[in-house]
Amino acid sequence: SQQGEEDPQALSIQEGENATMNCSYKTSINNLQWYRQNSGRGLVHLILIRSNEREKHSGRLRVTLDTSKKSSSLLITASRAADTASYFCATAAAGANSKLTFGKGITLSVRP
Amino acid sequence: DAGVTQSPTHLIKTRGQQVTLRCSPKSGHDTVSWYQQALGQGPQFIFQYYEEEERQRGNFPDRFSGHQFPNYSSELNVNALLLGDSALYLCASSFTSGGTSYNEQFFGPGTRLTVL
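First to last, the protein sequences are chains Z and L. Take 66 as the starting number for the first sequence in the numbering used here and just add one per residue. Take 149 as the starting number for the second sequence in the numbering used here and just add one per residue.
For the record, the hints were derived by calculation from the structure and aren't laboratory data. Fair warning: there could be bad hints in the mix.
Claimed, not checked - The list that follows gives simulated cross-link-like pairs (lysine-lysine, DSS-like), each with its CA atoms no further than 30 Å apart:
#, chain 1, residue 1, chain 2, residue 2
1, Z, Lys169, Z, Lys91
2, Z, Lys169, Z, Lys121
3, L, Lys161, Z, Lys121
4, Z, Lys134, Z, Lys169
5, Z, Lys91, Z, Lys135
6, Z, Lys134, Z, Lys91
7, Z, Lys121, Z, Lys134
8, L, Lys174, Z, Lys169
9, Z, Lys121, L, Lys174
To be verified - So these bits of chain L aren't anywhere near chain Z, every CB distance computed over 12 Å:
#, residue
10, Leu159
11, Gly164
12, Thr168
13, Glu200
14, Asp210
15, Glu223
Every residue, glycine too, gets a C-beta built ideally from N, C-alpha and C.
My request is simple: use the sequences and hints to build the entire structure.
Next up, the structure:
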């Protein structure tokens, strides 16, 4: 079964715009990670946020975590055509020692 | 510094056959996890190896088995292949110290398995 539920399922924006993707989960977590996948290839690790953190930045990425609402968001600022990919959130449950549970993913299309 | 590598890239098998997939973790990593990703879905956890032992297992039948070698590399074996085993198989490596995993997992490019 999949814990993370990403929203929306698909997103299409113009280059230069910001893209916001949301993820909700059901059980307590140790951390939440976001990944990018291009055309069914391997997953690229984007960012990890721990359960005691509320916000984290990495370059053009901003991730927030609200453990009371069991939700996270990924913001990509000033999007580029190269950001076109599928994005997944993955949760590691408390005590589960690094097993990741993924959602179904969000397909982001950035139009040039 | 090589990242996670997997072989082969693609594989075609027929129902009932057996397959072995291979993974070498990122340098400095000692823990290997395997995931199955069906088309249009997120990856599903199969199992994880640390210190040459299976530490956790997802909801997969015993037809799926694995092994970890002293150099931390790993194999995934699938017996009696079914059409539904067609998927992208992903290997991820991470670092565990003193029994605590640092959780950040780095994925390889995957092996695309097609079962005919």
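Tested hints:
1. Lys169/Z <-> Lys91/Z: 14 Å, holds
2. Lys169/Z <-> Lys121/Z: Distance ~23 Å between Lys169/Z and Lys121/Z Cα, so the pair holds.
3. Lys161/L <-> Lys121/Z: 44 Å, violated
4. Lys134/Z <-> Lys169/Z: 20 Å, holds
5. Lys91/Z <-> Lys135/Z: 7 Å, holds
6. Lys134/Z <-> Lys91/Z: Answer holds: Lys134/Z to Lys91/Z is near 9 Å, not above 30 Å.
7. Lys121/Z <-> Lys134/Z: 17 Å, holds
8. Lys174/L <-> Lys169/Z: 26 Å, holds
9. Lys121/Z <-> Lys174/L: 25 Å, holds
10. Leu159: 15 Å, holds
11. Gly164: 26 Å, holds
12. Thr168: 19 Å, holds
13. Glu200: Holds, since 16 Å exceeds 12 Å.
14. Asp210: 19 Å, holds
15. Glu223: Glu223/L is indeed farther than 12 Å from all Cβ atoms of chain Z, at 18 Å.
Of the numbered hints given earlier, the model fails hint 3 alone.
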